[in-house]
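Colleague: If you want the building blocks of each chain, they are given just below.
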Amino acid sequence: MSLIEIENLSVVFRAKGRDVRAVENVSLSIDAQESYGLVGESGSGKSTILRAICGMAPVSGGMIRIAGQPVPTPRGRAFSTQVQMVFQDPYASLHPRHTIDRTLAEPLAIHGLGDRDSRVVQALTDVGLPPAFRFRYPHQLSGGQRQRVAIARALMLKPKILLLDEPTSALDASVQAEVLNLLNRLRAELGLTFLMVSHDLAVIDHMCDRIMVLQHGRQVEELTRDDLAAARMTTPYARSLFDASADRMLDSPTEPAR
Amino acid sequence: MTTLRAWLADPNPTSRRQARLGQLWLAWVRIRRNRLAMAGLVIVGLLLVVAIFAPLLAPHNPLTQDLSRRLLPPGTPGNLLGTDDFGRDILSRIIYGSRITLYIIALVAVTAPVLGLLIGTVAGYFGGWIDAVLMRVTDIFLAFPRLILALALVAVLGPGIENAVLAIALTAWPPYARVARAETLTVRSSDYIAAIRLQGASAPRIIAGHVVPMCLPSVIIRVTLDMAGVILIAAGLGFLGLGVLPPAPEWGLMISSGRKFLFEQWWVATMPGLAIFLVSLGFNLLGDGLRDVLDPRSASR
Amino acid sequence: MSLLDVKNLRVTFATETGLVEAVRGVSFSLGHERLGIVGESGSGKTMTGRAVLRLIRPPGRVQADAMTFDGQDILAASEREMRALRGKRIGMVMQDPKYSLNPVMTVGRQLTEGLRLRDRLGAADATAKAVAALEAVQIRDPARVMEAYPHELSGGMGQRVMIAMMLIPEPDLLIADEPTSALDVTVQAEVLSILDRLVRDRGMGLIFISHDLRLVARFCDRVLVMHKGLVVEEIAAANLLQAQHPYTRGLLNCLPRIGGPRGPLPGLDRTGAWATEGRT
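Residue numbers (the working numbering), protein chains in the order written: chain A, 3 to 260; chain B, 85 to 385; chain C, 17 to 296.
Be careful, since some hints might not be right.
[To be verified] Using 25 Å as the maximum straight-line C-alpha spacing, the simulated DMTMM-like pairs for lysine to aspartate or glutamate come out as follows: (1) Lys-160(A) / Asp-275(B); (2) Lys-162(A) / Asp-117(A); (3) Lys-23(C) / Asp-188(C); (4) Lys-145(C) / Glu-163(C); (5) Lys-162(A) / Asp-275(B).
[Said to hold, decoys possible] Listed next, with one range per pair, are the computed distances between beta-carbon atoms: (6) His-218(A) / Glu-186(C): 30 to 40 Å; (7) Gly-58(C) / Asp-376(B): 23 to 33 Å; (8) Gln-260(C) / Ala-111(B): 41 to 51 Å; (9) Ala-134(A) / Pro-75(C): 30 to 40 Å; (10) Asp-229(A) / Gln-258(C): 25 to 35 Å; (11) His-113(A) / Arg-116(B): 41 to 51 Å.
None of these hints come from the bench; they were simulated from the model.
Keep in mind the model is a prediction, meaning the values are calculated, not measured.
Every residue gets a Cβ at the ideal spot worked out from N, C-alpha and C, and that includes glycine.
Model the full structure from these sequences, guided by the hints.
Modeller: The following block contains the structure:
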């Protein structure tokens, strides 16, 4: 049975009296311990799907099921021990006036879990940060270190599903590599299921087993990793995305994109 | 001394307390570089010292009348700033008056901002009809002229220091609610609030633990800048005879009683006026300095 | 003859914690070509671009042994001379058009303002020239865009308008600081090809600043790789894949590739002598 099932999901925002259809009729299912990628350009609704799962965007049609159960509204505490999210911008996703310690201990306090000191230290070690960073403030960390803290926070409640919203797009290339490696290691060690969003096809390809291409809130094409590597896409949009991918640029350095 | 500084500036604090003190120390370092803010801090500090040690500092009893020594000019031996129409020493009265001023400031500072912060953050965080209702109430209070509302309240409740404070606090909170709400609106949609919500935190927890710390700096700055206004309103109420009752040495009251001899014995009204001016200036300078130090936009460095 | 010569450029900032050197002795010369400056955040690439226009505000300080543009000494130029240089002869395109366009003025007014004030053109002539510039950046409906306010444009459209605006005075040198980073990949390709064509057709010099090595390699003739304020390698773009410097190699290797191996990505080894070079 699939761990995450999304059936005909639609999200409609009401802005200034107009309806904006951010997501329309998207269906997908993700198995346990699978890594699934959503790729598309801005306005494709890829992040909105993640937000809809978390209850941060209004579900106006369709069904979201986690482990066979429809997600409750509001999501509630049980949900937060199942699903957590890592946000795009590590500069905006950590509370600027809380120490790392407070940020990591807060989920434990909410759920009444004890043994906070050792759990916080363990979480820092797990994401490759020295325990000495525990009482630093976010502004005393680099972007990559902050994103590690954000990942540690998401894992505090030991969820099975991690939603990753462009987790490396705000980071430098070398830091991106470190964070992607960390995510892959954690997934293997903890048996996590990833649902990852990115605009970078190469990153998605590196991280995910299956990929869905989205455009204007609709699903365009679902590809396996092998399909992508062999350039076996059937829709013109998926192909244009593939061709424009920065990763492909070095393959034809003499001829600029037209 | 050097070890204490190293402990405070340690980039890797070993406890919550050290981290917090380290941040405070950084703020102190930053405010110390701002000369005007330091001047403000010194004035406010002086006010505190004078208020605490008033019995030691004052040369005379502020209430003792001596009609044989009435309306003496400044510089008279024994009465440095002169005496008023009842022969009371003006310097002593100003020194004791600082206690009343400080009392009013302290009471207003713990009531109005707390009320404003609560209403503003709740309105901003929940939005919708809660926001609409709370903000219309705020608008109603904002629409009243401050002094007039304070007058009406004192007129109903009777003059006296507590009623004056109540009147000032009731008219002072709406701006804090507005500031806090504006700040909350930007904080509410941020990723770190989304993250903590996703961790299952309740609304009161989010507001108290995550939203309020972000609103606090702007409210504190606003409070400091408003203190000058509070002192002036308190003085205004005193001047109109609706605040502190005579013969208490309240600065506004002193100006009021000196008004009758303003042309012949100018010092009676001028000296407490200078005191009000100085303390207001101190709070304004401090507020400006705090803005540089506490503003989240500049503290992110 | 070279268009721009920079020798031993230094940009320093006096901060609370002491002097911070953002650029530590960068030298290059630029002809009518496309020069790429690549580096990670904090490498000083943006500061280098801004220093050329003397757009660094106090407490920042710009020092150099020499900095000449077309024979004119930039370091010695008065603020008035710099104003004449900026925009007119050296244009600059920033990363995000949202912050570079005036939000309360229509695009048309922003485009024609300079023409009318500086070149004293009539309204009709200025409009015609602005429309031509918009057409040059492949905006299909220039009349509508002229009437629009910046917030009514998409990111790609806004960036094209920015480029058009920079190109109206026909500068000799264009400094583009991450001009496509905020854009979608498909739009990015279009904007790049527009820039590319303009450089070739007009014989403009271009400094293209970016964090994306692959993009720069494909688009420029020559690449400066910067790290912590120093140029660690200067290389012809065509040879970038054969780059020798460990930092350049590290930057290239740490990027995931479609169909590439699934194992851990090689990290950047920051223990080499280059990483600590010249640090105090």
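Colleague: Need the list of violated hint numbers for this structure, in ascending order.
Modeller: none
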